[in-house]
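Chain residues, written in single-letter form:
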Amino acid sequence: MASTTVPEALERALAAYAELTALGEEIEDEWSYVNDLADAWRARLEGVAAARVGTTIDPAADAAIERAIDEIGRIADPHRAIDWLSTFPQVALLAIGETP
Amino acid sequence: MRFQDAARDGRAVVYAGIQADPLVKRAAALLAEATPAQRVLARAVMNGETTDVTSWLAMFPALFGPSVPAGHERSRSEAILAASLEVAQRGEQVRSQFRGAIVEELTAILLARRTGEAAVHRERRILFDGVRAEIHPYDVTVEREGAAEAYDCKWGARGISDDVLHQLDDARSHAADEDVALRAALVVFDAERSCLVRLGRLNAPHDGTTIVPLESLDRIAAPAS
Chain A
13 MASTTVPEAL ERALAAYAEL TALGEEIEDE WSYVNDLADA WRARLEGVAA
63 ARVGTTIDPA ADAAIERAID EIGRIADPHR AIDWLSTFPQ VALLAIGETP
Chain B
3 MRFQDAARDG RAVVYAGIQA DPLVKRAAAL LAEATPAQRV LARAVMNGET
53 TDVTSWLAMF PALFGPSVPA GHERSRSEAI LAASLEVAQR GEQVRSQFRG
103 AIVEELTAIL LARRTGEAAV HRERRILFDG VRAEIHPYDV TVEREGAAEA
153 YDCKWGARGI SDDVLHQLDD ARSHAADEDV ALRAALVVFD AERSCLVRLG
203 RLNAPHDGTT IVPLESLDRI AAPAS
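Protein chains in written order, with this note's numbering: chain A, 13 to 112; chain B, 3 to 227.
Isolated chain B (complex conformation):
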């Protein structure tokens, strides 16, 4: 098994520009420190209709209500709201790309806490002897001897598809054929309940794939128990 950079076609070049946008980095860094409720706030605002800040402040009393004292938590909520509104104001197509890039960046940040930044890579293909390579790269990989990991990232549960699940399961099983351990996981910036509903409608194998929903994002930063 070996890793390889994805081909730099036109789409990849455009998307690389989005991935490198400071707003993506800022939003992901904030969300890496966020509570589940703050992550729901980001999800709602980045996919919202209104960009009226007072509406969002009122919609999340647990984050902005009068009982929430000034301090780090409230400041982070305000910063997440501000960054999310910036994403929302980019227009439908662009913000869709930003949302995806933010989930990927967030995943990379959380993984780096456990593995170190040097082991975390983006947009990588995984090649196996005698197996035709998948064209689609994995969003984030951890490349360590004996402890490799492959992640795809989705903004919402609806993004979970048979194709995505097949690709992750194929990587895991091909690695196993080479007697190499490869953790395959799908990070979804959506509630576990919604992910389970989506998975229930799909046929692709996923027993060997770890699903990481919004509530459990911090698990990928924690050492395996």
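Chain A extracted, bound-state conformation:
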């Protein structure tokens, strides 16, 4: 499903990110860290979405975010999910020309 604006694309990214967070939470010893990490990056992504309301997204950037969502959807290992809780937002932000 293609997005037309940056906030729409980030909304889809955040939905996928929530699923990734749930997978990372399976590592009980890291539950708090996982949630702190997700909170920090979610705040960054939401901040960018708020700042770019109405901004049309470049099709290549939209496709990049879609690919990144597909990539984290493949992850089954909760340890790898935790690593991607940091990596995914960086990839998404770079795709739309933002600094992580």
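These aren't lab readings, by the way, just hints derived from the structure by calculation. All values reported here derive from a predicted model rather than from experimental measurement. Virtual Cβ for every residue (Gly too), placed ideally from N, Cα, C.
Computed, partial: chain B to chain A, Cβ under 10 Å:
#, residue
1, N49
2, E51
3, W58
4, A64
5, S69
6, A159
7, D192
8, A193
Chain A stretches covered by chain B per the calculated footprint, using a threshold of three residues with CB under 8 Å from any CB of chain B:
#, segment
9, 42-53
10, 74-81
11, 84-95
Listing some non-contacts, in silico: residues in chain B with all C-beta distances to chain A over 10 Å:
#, residue
12, M3
13, A9
14, R13
15, R28
16, S77
17, A120
18, H138
19, R146
20, E147
21, G148
22, V166
23, S175
24, H176
25, D181
Mind docking chain B on chain A? Use the hints.
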């Protein structure tokens, strides 16, 4: 304070083989020249699920998109992608070791730009008079009279632990007890934001330890300001 080679136990011998792998050298050399975005690419691919090159090309339009002209930057992005995919294809356990070795090698390359190769050492213990020696060696050290440095290297923010922070802080404080300056630093191939979250959950002292996240890696090659 004095430096000493780490014991060559079985693990060290195996790991030395990985450290000497040409792929580690090649990837680290590329990443030493890389932009922060190219380093994020390497981080993603080396820890990725897919090894389909077209997926990664599409995922990083700022590096591979139609607006990026042919030239050094694009060529380097392509070389980093190729090397990272080679790491990713090694299998989970092996690529984990490769990733660690690459961050260490990258750190050594960047440090050598500032200090010269002769001063940079790997897998060294630091001994202090009257203090029981740590078993775990430091990943990279700079051994210069009056300007020693000790580095541990981590692939991700999750690798930052109380143990690692204690060891670095202990080295710095024991050196200070001997009136010797020792810079202690932790290089993390991950975003500063993630490092700060991790540090916020740990109790070990780290005010005297420099945290070097992915965005700031080039700082360790620059003269102190």
